[in-house]
Each structure stands twice: as C-alpha cells, then as structure tokens.
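Peer 1: What follows is each chain in one-letter form.
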Amino acid sequence: GNSVTQMEGPVTLSEEAFLTINCTYTATGYPSLFWYVQYPGEGLQLLLKATKADDKGSNKGFEATYRKETTSFHLEKGSVQVSDSAVYFCALGITNAGGTSYGKLTFGQGTILTVHP
Amino acid sequence: NAGVTQTPKFRVLKTGQSMTLLCAQDMNHEYMYWYRQDPGMGLRLIHYSVGEGTTAKGEVPDGYNVSRLKKQNFLLGLESAAPSQTSVYFCAAGHLTLYEQYFGPGTRLTVT
Numbered sequence: 001g002n003s004v005t006q007m008e009g010p011v012t013l014s015e016e017a018f019l020t021i022n023c024t025y026t027a028t029g030y031p032s033l034f035w036y037v038q039y040p041g042e043g044l045q046l047l048l049k050a051t052k053a054d055d056k057g058s059n060k061g062f063e064a065t066y067r068k069e070t071t072s073f074h075l076e077k078g079s080v081q082v083s084d085s086a087v088y089f090c091a092l093g094i095t096n097a098g099g100t101s102y103g104k105l106t107f108g109q110g111t112i113l114t115v116h117p
Numbered sequence: 001n002a003g004v005t006q007t008p009k010f011r012v013l014k015t016g017q018s019m020t021l022l023c024a025q026d027m028n029h030e031y032m033y034w035y036r037q038d039p040g041m042g043l044r045l046i047h048y049s050v051g052e053g054t055t056a057k058g059e060v061p062d063g064y065n066v067s068r069l070k071k072q073n074f075l076l077g078l079e080s081a082a083p084s085q086t087s088v089y090f091c092a093a094g095h096l097t098l099y100e101q102y103f104g105p106g107t108r109l110t111v112t
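Listed in order, the protein sequences are those of chains A and B.
So for the first sequence, this note's numbering puts the first residue at 1; every next one is plus one.
So for the second sequence, this note's numbering puts the first residue at 1; every next one is plus one.
Hints were generated in silico from the structure; no laboratory data involved.
Glycine included, each C-beta is placed from N, C-alpha and C at the ideal position.
Honestly, I wouldn't trust all of these hints.
[As the list claims (entries may be wrong)] Below, computed lysine to aspartate or glutamate pairings styled on EDC-like, alpha-carbon distance capped at 20 Å: (1) A:K52 to B:D26; (2) A:K56 to B:E100; (3) A:K60 to B:E30; (4) A:K56 to A:E42; (5) A:K60 to A:D84; (6) B:K70 to B:D38; (7) B:K9 to A:E76; (8) A:K68 to A:D84; (9) A:K68 to A:E42.
[As the list claims (entries may be wrong)] Sample of chain A residues at the chain B side, in silico, Cβ under 8 Å: (10) F18; (11) A27; (12) K49; (13) Y102; (14) F107.
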C-alpha cells in the first residue's frame with residue numbers, strides 16, 4: 001500500500017534558522033508529492049508540489065525535491081520566520097494507468113514547527 | 001469566491017445523538033472528500049465523491065454516511081455519535097487531474 005512517514009516533531013527553531021523536515025514514502029504506481037501547511041485554527045493549504053522524479057517544488061522560500069532513488073521529498077527553507085509556525089504535512093497522490101485513484105491523497109502524520117523570535 | 005466552507009465550526013454532541021456536517025464549494029470541482037484529523041495521526045479519509053450522486057468509502061468509513069445530491073455540496077452524517085468520533089473534520093474539494101485539494105476551515109466535534 002501507500003504510506004508517508006514524516007520526521008517526528010515538534011520542531012522548534014529560532015528566527016532565521018535553517019529548516020529541514022524529512023519525508024519518505026512508499027507507493028505503488030506513479031506518485032505525485034505534496035507539502036501542505038496548516039496554520040493555527042485553519043484548514044490545510046497546498047504549499048508546493050512535484051509530479052515526477054527530480055522535480056523541485058518551491059513556494060514562499062520553501063523547497064522540496066522529488067528523489068525517486070531515496071523515496072524522499074524533504075522540505076527545506078533557508079531562513080524561517082515566526083510566521084512560518086504551523087503544522088506541515090507531506091502527502092502523496094497516485095496517478096495510475098487506469099485513472100482510478102480519484103485524486104485521493106495519503107498524508108503523513110504532520111510535523112509541528114514553532115519559530116521563536 | 002469563498003472556496004470551501006463548512007458548517008458548523010464547533011459542535012458538542014452526547015453519545016447516541018445524530019448530526020450532519022455540511023460542506024459547500026464554489027470552485028466547480030468534481031471531487032470532494034471528508035477527512036478526520038486526530039493528534040499524531042495526520043488526516044484520514046472517511047468518504048469521498050467523484051461526482052454528483054456518487055460516493056465511496058475511504059480509509060475509516062465506519063459510523064459515517066455521506067451524500068452528494070448537488071455537485072457543490074457534500075454532507076457527512078453521524079447517525080449515532082460515539083466518543084471515538086471526537087475529532088476535527090475537514091472537507092476538501094479536488095480538481096479532476098491536478099491532484100490538488102482545497103480544504104475548508106474544519107469542524108471541531110466533541111462527543112461526550
């Protein structure tokens with residue numbers, strides 16, 4: 001089956017520190033990979049995505065590269081801000097030849113990030 | 001353009017009571033989903049719909065029913081609430097081919 005494993009949190013950083021949140025996956029078929037972010041009291045928002053191996057997704061200073069050889073999609077940011085404090089979810093969606101996956105996503109358990117001034 | 005909205009935002013039920021959560025989207029997306037979010041477990045898919053009049057079971061469907069009578073609405077029902085259904089419920093709408101999902105703000109449900 002499909003699964004996503006994220007590094008355990010919570011992660012606490014000082015402002016301007018470097019961020020890495022690890023994400024690895026197992027999948028059958030051809031996965032697309034996503035990072036979603038959930039700010040306090042809100043629903044999830046798509047942060048970035050990559051649809052094939054070696055693609056790099058980027059948005060708001062965050063980046064993640066789809067590594068098929070290591071089945072990973074680690075999230076990075078060079079200099080975090082207090083406003084980046086949120087829960088981050090890695091997710092995968094399978095595109096199969098039959099087109100029957102119906103856009104379903106498999107989520108990791110989420111990583112809580114807290115950034116202090 | 002409101003995106004995905006959910007009603008209500010909060011609810012407290014007693015064991016055995018029933019309720020319906022409403023999800024509405026104005027993006028004209030075909031796919032809609034109901035998830036529950038529990039601490040340390042990420043989001044788990046309860047039911048989903050690939051179009052008006054269709055529904056299917058997700059990962060954790062027991063104790064829930066859904067209906068999609070109109071394309072823009074997706075209802076989640078609890079016929080006899082149990083404390084194990086205490087959770088935050090999220091609805092999402094998805095594009096046919098882009099595999100991106102757009103989430104509502106959530107409903108926090110407590111069953112006592």
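Peer 1: Can we keep the A27 (chain A) interface hint, with Cβ of chain B closer than 8 Å?
Peer 2: With a minimum Cβ separation of about 13 Å from chain B (threshold 8 Å), the hint on A27 (chain A) is violated.
Peer 1: CA of K60 (chain A) to CA of E30 (chain B), is that 20 Å or under?
Peer 2: 28 Å, violated
Peer 1: A closest beta-carbon separation below 8 Å is what the hint needs, so does F107 (chain A) meet it against chain B?
Peer 2: 4 Å, holds
Peer 1: Below or equal to 20 Å on CA atoms is what counts here, so check K9 (chain B) against E76 (chain A).
Peer 2: At roughly 33 Å apart (the allowed maximum being 20 Å), E76 (chain A) and K9 (chain B) break the hint.
Peer 1: Return the status of the interface hint for F18 (chain A): holds when the least beta-carbon distance to chain B is below 8 Å, violated otherwise.
Peer 2: 25 Å, violated
Peer 1: Can you confirm whether the C-alpha distance between K70 (chain B) and D38 (chain B) stays at or below 20 Å?
Peer 2: Status violated; Cα separation ~29 Å.
Peer 1: Starting from K52 (chain A), check that the Cα of D26 (chain B) is at most 20 Å away, please.
Peer 2: 30 Å, violated
Peer 1: Close enough to count: is the Cβ of Y102 (chain A) nearer than 8 Å to one in chain B?
Peer 2: The hint holds - Y102 (chain A) has a Cβ within 8 Å of chain B, the shortest such distance being about 5 Å.
Peer 1: Within a Cα-Cα threshold of 20 Å, do K60 (chain A) and D84 (chain A) meet the stated pairing?
Peer 2: 10 Å, holds
Peer 1: For the pair supplied as a hint, K68 (chain A) and E42 (chain A), is the alpha-carbon distance within the 20 Å limit?
Peer 2: Between K68 (chain A) and E42 (chain A) the Cα gap is close to 32 Å, so the pair fails against 20 Å, i.e. violated.
Peer 1: Does D84 (chain A) lie within 20 Å of K68 (chain A) when you go C-alpha to C-alpha?
Peer 2: Violated, because 27 Å separates the two Cα atoms, which is more than 20 Å.
Peer 1: Are the Cα positions of K56 (chain A) and E100 (chain B) separated by 20 Å at most?
Peer 2: 16 Å, holds
The structure fails hints 1, 3, 4, 6, 7, 8, 9, 10 and 11 (numbered hints given earlier, in ascending order).
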